[in-house]
Amino acid sequence: MRLMRSTVVSNQNDSPAIGRVCAELLQSRPRVINLGLAVFATDLDAQDVDVVHVDWRPPAGGDEDLARLLSMLAD
Amino acid sequence: MVDTAALAPAIRWANSKALEILLQGDPVLIDVLPAKDLIPELKEHTILHAGPPIEWDRMCGPMRGAVAGVAVFEGWARDLDEAGVQASKGCFDFHPNHHFSAVGPMTGLTTCSQPLLVVENRATGNRAYCTVNEGLGKVMRFGGNDESVRDRLAWIRDSLGPALGSALQCCGGIPLRPLVARGLTMGDEMHQRNVACSSLLLRELAPALASVVADHGDLSEMLAFMGSNDQFFLNIAMAMGKSIMDPVRNIEQSTVVTAMTRNGTDFGIRISGLGDEWFTAPVEMPAGLYFPGFSAADANPDMGDSTIVETIGLGGFAMAAAPAVAGFVGAGSVAEAAGITARMREITLGEHPEWTIVSENYQGVPTGIDIRLVVETGIVPTINTGIAHREPGIGQVGAGVVKAPMACFEKALRALGERLGIS
Numbered sequence: 029m030r031l032m033r034s035t036v037v038s039n040q041n042d043s044p045a046i047g048r049v050c051a052e053l054l055q056s057r058p059r060v061i062n063l064g065l066a067v068f069a070t071d072l073d074a075q076d077v078d079v080v081h082v083d084w085r086p087p088a089g090g091d092e093d094l095a096r097l098l099s100m101l102a103d
Numbered sequence: 042m043v044d045t046a047a048l049a050p051a052i053r054w055a056n057s058k059a060l061e062i063l064l065q066g067d068p069v070l071i072d073v074l075p076a077k078d079l080i081p082e083l084k085e086h087t088i089l090h091a092g093p094p095i096e097w098d099r100m101c102g103p104m105r106g107a108v109a110g111v112a113v114f115e116g117w118a119r120d121l122d123e124a125g126v127q128a129s130k131g132c133f134d135f136h137p138n139h140h141f142s143a144v145g146p147m148t149g150l151t152t153c154s155q156p157l158l159v160v161e162n163r164a165t166g167n168r169a170y171c172t173v174n175e176g177l178g179k180v181m182r183f184g185g186n187d188e189s190v191r192d193r194l195a196w197i198r199d200s201l202g203p204a205l206g207s208a209l210q211c212c213g214g215i216p217l218r219p220l221v222a223r224g225l226t227m228g229d230e231m232h233q234r235n236v237a238c239s240s241l242l243l244r245e246l247a248p249a250l251a252s253v254v255a256d257h258g259d260l261s262e263m264l265a266f267m268g269s270n271d272q273f274f275l276n277i278a279m280a281m282g283k284s285i286m287d288p289v290r291n292i293e294q295s296t297v298v299t300a301m302t303r304n305g306t307d308f309g310i311r312i313s314g315l316g317d318e319w320f321t322a323p324v325e326m327p328a329g330l331y332f333p334g335f336s337a338a339d340a341n342p343d344m345g346d347s348t349i350v351e352t353i354g355l356g357g358f359a360m361a362a363a364p365a366v367a368g369f370v371g372a373g374s375v376a377e378a379a380g381i382t383a384r385m386r387e388i389t390l391g392e393h394p395e396w397t398i399v400s401e402n403y404q405g406v407p408t409g410i411d412i413r414l415v416v417e418t419g420i421v422p423t424i425n426t427g428i429a430h431r432e433p434g435i436g437q438v439g440a441g442v443v444k445a446p447m448a449c450f451e452k453a454l455r456a457l458g459e460r461l462g463i464s
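Protein chains in written order, with my numbering: chain U, 29 to 103; chain A, 42 to 464.
Next up, chain A with everything else stripped away, as it sits in the complex (with noise of 0.2 Å):
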């Protein structure tokens, strides 16, 4: 017999637990370094990719456009036709991301040549990656894989991963709590707003770079590159999420959030009590602008792990932050990215210390969902997002706002209630 009496007790202190890691996440970026040497697991022929477990028969175009640019790119194909049929042919295997402690943007695709930025929790000693983000337009993220795109991961692999490798070796790591703190009073939000951040970033990192860099013209396309790219950051927030949320995992009986996160086809969430489960809907299409010549017929739906971001409190739930975001992805008015963060404060269970929201006379950006508060309040995440073209091959087409599916957080609790025999 269940003493229900005893579970909102139960949750409380689990959840106050989950809360207490969260918020003691100290994030540092300490390296880059080959997929490979990171993850022991990723071996020729292996995928990871963005969102939950989804083979390649039911992959979007654009997921499925990475897949053949990346398989060109390690040489395991001669061109992209034939990587698409050894595709079919089940001659790759897919994992999630998440599955290995790793997050990419959009399609996500991580193999074992590519550099992965290292993050260290140090109040955990845990570890998390993400690859380099490319930069703008067509890009792999997006679906893009002609030969520029290629060309452009392999001069990440080549040049710039093991030269940023060796300038975070150099200057010791960057912390990133306060440059995250920084970039928040700066107008970033993390996800789609990230000009404040890489440019702090560049700024701590330009010294030990030339250090390391002997070639003038080397260097000078290195910082041209991280200087053009107002996103490159967002990569580096990805793995920080996802450093802060792994230890949140497996606190029996905790209803907190740990990973939000789609694959253009699917929605997935996992949550603390419940382990390294996960619970899908079919996912949302995003609402925003479009880049001229383009318009909702071409959108792909929502796509990525960059969710993470939101998952510890950035992006959407700090529209508030970052006014100039809300007209970029359609949200509407400076009042109206207020209104988001302060929905998003009925349902998340604490606000980050550190991180705070000036025009908000410096409260805490709200974090720590809770499953209990999305399904009793009928409020779900708000996720700022980018847009992928649903046809392979052609890259970014615009940017906006995407709900998180109801229906995730709907069979979490029913889960958790059977875990809990009360269902």
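This is chain U alone, in the form it adopts within the complex (with noise of 0.2 Å):
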């Protein structure tokens, strides 16, 4: 699956809401998006956890040759 490059930007305004997201999420059940390695999904799954598996891997298998180049000439 091709993905679109995202920016995170972080704001230390937000950390109150921050902290609230991250006790939620300790509280309630997880729901996992993983990236890469298939089997960290497969594991979850047959624990019964609710995992969606996304199939990226590192542009150009990381070479960072190739990576530099693609990034001149992709759209």
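Check the hints yourself; a few may be wrong.
Stated by the list, open to error - Some chain U residues judged to face chain A by a derived CB distance under 10 Å, without partners named:
{"#": "1", "residue": "Arg85"}
{"#": "2", "residue": "Pro86"}
{"#": "3", "residue": "Pro87"}
{"#": "4", "residue": "Asp91"}
{"#": "5", "residue": "Asp93"}
{"#": "6", "residue": "Ala95"}
{"#": "7", "residue": "Leu97"}
{"#": "8", "residue": "Leu98"}
{"#": "9", "residue": "Met100"}
{"#": "10", "residue": "Leu101"}
To be clear, the hints were calculated from the coordinates, so they are not data collected in a lab.
Keep in mind it's a predicted model, so treat the numbers as computed, not measured.
C-beta atoms are modelled at their ideal positions from N, C-alpha and C, and glycine is treated no differently.
From the two separate chains plus the hints, produce the assembled complex.
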């Protein structure tokens, strides 16, 4: 699966909100998005955890030169 | 100084042009003629082969077997041993089919006296050629070279080829675009399954054949030969693919693959923006199923120009349309066949408007391979293929699936970067 590159922007004023989200996460049933190695998703699924697997790998297999070239040639 | 901001839009435009030419391809099977009449460079002692360029000393077993066989067939050597000695002494000129608007399955040998199928792309006016399919079992394309193989080639040269040519002239040619569209809905993917298209072709060709072949015995033999060969259409599909992809070549900055092919030693690709340059890597071994008495230990690495059908979006790319072939080549379940086509959508720029897959709600087959998408995703083209015995003279031992080597696409991408001044 091809993924759109995204940017995460943090904001210190959001700290209380982040704290609430973390608390909710720890207290509720986990719902997992697994990126990359499918075996983690398989194991979670076997434990009846809600999991969605995303078949992702680093662009150009992690080759930095090719990834740089791709970034200049890609749409 | 390179304006890198302008590169992506330029590539996008070039690729849209490439895809437009590809999708507008209108191939028609128009004739069968001797190779020497179609390819003037094809003189005595010249042999065209499958795959990127290769010389005798690097050729695999079945390719060498076929070379020896075709040299005897053409009368250049008295027997197979003499032909092998001549080959090792450099008596034959070897060139890829692809350099002469031609393609050939497996060993893919083309020589001056063999009759070639002629497919004309009516959208662009160019023509492409391929030999007539020899049938199944021990055949030259799989490295077979004994008397029975050579006798069959002589019959194709002297009887079937001329009759097919006359029949095609009589009926005005057979448009292939609608025939392939219908074949896809009947379970063909045009590489390892050609049952439907071979039958549809025979249905269209038989009346014309009957009108040009006077002897009933000869006609019966020809109809039986074509009717008993599930893969008869493969060579037509290959010439069709070549006629569609050749006009896509030489579009500056395009990253679209225009040819994928293998010679049993190397796998080679070409991309539109880099003209006729080959990017090669060692060819891989197919994973598949073997006929009784054979195993992976007998198999030759992948071979043939037939990957031109994957290049246009058929074969492994259309696996979802042909669930029966998934079992035959050992690719797994129907769901896995659909998964292969889905992965090919990740590395292609478009879908064919008329070649659709019924089980995917009439979605078009994925076509227009972009080397940028291959390198970025790590997904390489999946190819359906026959498997030849690694020793000369034996023939086909199985069928399977093979991956195109990633190194070909990486080399092409680096070369394009150099051409554009950004490496």
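These are the hints, each one checked on the structure:
1. With its C-beta approaching chain A no nearer than about 5 Å, arginine 85(U) sits inside the 10 Å limit, and its interface hint holds.
2. A hinted interface residue such as proline 86(U) counts as satisfied when its beta carbon comes closer than 10 Å to some beta carbon of chain A; here the least separation is about 8 Å, so the hint holds.
3. At its closest, the beta carbon of proline 87(U) sits 5 Å from a beta carbon of chain A; the interface hint therefore holds under the 10 Å criterion.
4. Of the supplied interface hints, the one on aspartate 91(U) holds, with its beta-carbon coming within about 8 Å of a beta-carbon of chain A, less than 10 Å.
5. Look at aspartate 93(U): its Cβ gets to within about 8 Å of chain A, closer than 10 Å, so that hint holds up.
6. Look at alanine 95(U): its Cβ gets to within about 8 Å of chain A, closer than 10 Å, so that hint holds up.
7. Hint status for leucine 97(U): holds, given a least beta-carbon distance of 5 Å to chain A, under 10 Å.
8. Hint status for leucine 98(U): holds, given a least beta-carbon distance of 5 Å to chain A, under 10 Å.
9. Checking methionine 100(U) against chain A: minimum C-beta separation of about 5 Å stays under 10 Å; hint holds.
10. Hint status for leucine 101(U) relative to chain A: holds, with the closest Cβ pair at about 6 Å, below 10 Å.
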